[in-house]
Amino acid sequence: MKQDAAKSLRAFAAELGVYAVLVTGYFFLVLHVLGNWLYRLETQHRVLYAFVAVLLIAGQAVVLDALTTVLFRLVRGRSK
Amino acid sequence: MFFPISNSHINPLYLVVVGFVIGILGGFFGVGGSFIAGPALRLMGVDWNFAVGTDLAHIVGKSIVAARKHRTLGNVDLKLGLIMAVGTIAGAEGGAQLIQALKRAGNVNTVVSWVAIVVYVGISVFMLWESHKTLKLHKGKSRRTQNTATSKADHSAFGPVTKKIQGMKISPMINLPTSGIRISLWIILAVAVVGGFFSGFLGGGAGYIRMPSMVYVLGVPTHLAVGTDLFEIIISASYGTFTHAIKGNVDILIALVMHTGAVIGAQIGVVATQYFAGPKIRLAFVPLPLIGAAIVIYTLVTGHKF
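Chains A and B are the protein sequences, given in the same order.
Just so you know, we're using the working numbering here: the first sequence kicks off at 1 and counts up by one.
Just so you know, we're using the working numbering here: the second sequence kicks off at 1001 and counts up by one.
Calculated from the structure, these hints are not laboratory results.
It is possible that some hints are incorrect.
What the hints assert, rightly or not - Pair ranges (Cβ atoms, derived): (1) 73/A with 1132/B: 37 to 47 Å; (2) 55/A with 1011/B: 22 to 32 Å; (3) 70/A with 1274/B: 42 to 52 Å.
Stated by the list, open to error - If you only want the chain A side, here are some residues facing chain B, beta carbon under 10 Å, derived: (4) 24; (5) 42; (6) 57; (7) 60; (8) 62; (9) 64; (10) 73.
Even glycine gets a Cβ: it sits at the ideal position worked out from N, Cα and C.
Take the sequences, apply the hints, and build the full model.
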């Protein structure tokens, strides 16, 4: 039982590590690129910005959820 | 990191950690966590209007992740969530209109603060009484079923009142097989409108009102109430994000960064619900509205707007 818990914890820590690296890359690449474009959109085309904002957060949710699920499966599979 | 839309400098790590904490709370209790996110953003110097709008955007993303996970566990009643979304949006508009009227009258801060304190403390006291009583009543039974912590069978000391509400035959009656209840459409809408009203009036997703209402008024099992509330929040918070974005109150870049932490937190929160019975989740919920009340009392006493 304790071994299982330790394995799960290790798998989770590994998942978190990989996730942190990916997210850091995401900050610097995607947000840097999107930042100026979104700023211009927010000041010049508010309605379009509102649409894009909802789409972006929903899209990120789906993508990151899928990413963490895949990561979790991969890490779990390796630790077994 | 500079966020040009809200013209603020915030450490992204801080946003990720805040998102992570709120994610856990959201996944476990089905709440948006605005009572923490709003003050956390204000603490970093983000204007109040941006704090409210950005928090709503972040709630959309976090709720999608948590609701998807809850759905895989069978904790989402889609039919109930869709019906409630209609009432929530209508109620939110009503709450926002009242805020505008109070703004014109010039006493919005005092009225909202006192209503918030009464509502938050009232919910906490009631849930403390109910969950404590339910746990006491079912102590013997829960011992026998302790090995099946994943059971979603729910008990509530408020059950007899809930049964009476479910017994009100005001047509049309709606069958909700996922939640295992049959109830009048008007009662569902009334609960949703009240939740939406407080969302528009006090801000955030108002999960602290809707989740308990679904359990005590509609009789939805706690696990399903948490999952369905999150699903419903996706729709109502998306609407809120859209309208706030048009008014120039959303810094989507901040929301995106916060959300990266919330993704992990929400998944931990959802998985944790599987290890707790309904009354224990409700008992653990008790401090949350009290934290909200404490923040409001602090702002009233010190005059400091978080």
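Against the structure, the hints:
Between residue 73/A and residue 1132/B the beta carbon distance is about 40 Å. The supplied range of 37 to 47 Å therefore holds. Take residue 55/A and residue 1011/B: their Cβ atoms lie about 27 Å apart, and the range 22 to 32 Å holds. Remark: the range hint 42 to 52 Å for residue 70/A to residue 1274/B is contradicted by a beta-carbon distance near 21 Å. A distance limit of 10 Å between C-beta atoms decides the matter here; for residue 24/A the minimum to chain B is near 9 Å, and the interface restraint holds.
Proximity of residue 42/A to chain B holds as hinted, the smallest CB-CB distance being about 5 Å (cut-off 10 Å). Taking 10 Å as the C-beta cut-off, the interface hint given for residue 57/A holds, the closest approach to chain B being about 4 Å. With a cut of 10 Å, the hint placing residue 60/A at the interface with chain B holds, because the nearest CB-to-CB distance is about 6 Å. Of the supplied interface hints, the one on residue 62/A holds, with its beta-carbon coming within about 7 Å of a beta-carbon of chain B, less than 10 Å.
Evaluation of the residue 64/A hint against chain B yields a held restraint, the C-beta minimum of about 4 Å falling below 10 Å. Taking 10 Å as the C-beta cut-off, the interface hint given for residue 73/A is violated, the closest approach to chain B being about 13 Å.
In the structure shown, a violation is registered for the earlier hints numbered 3 and 10, in ascending order.
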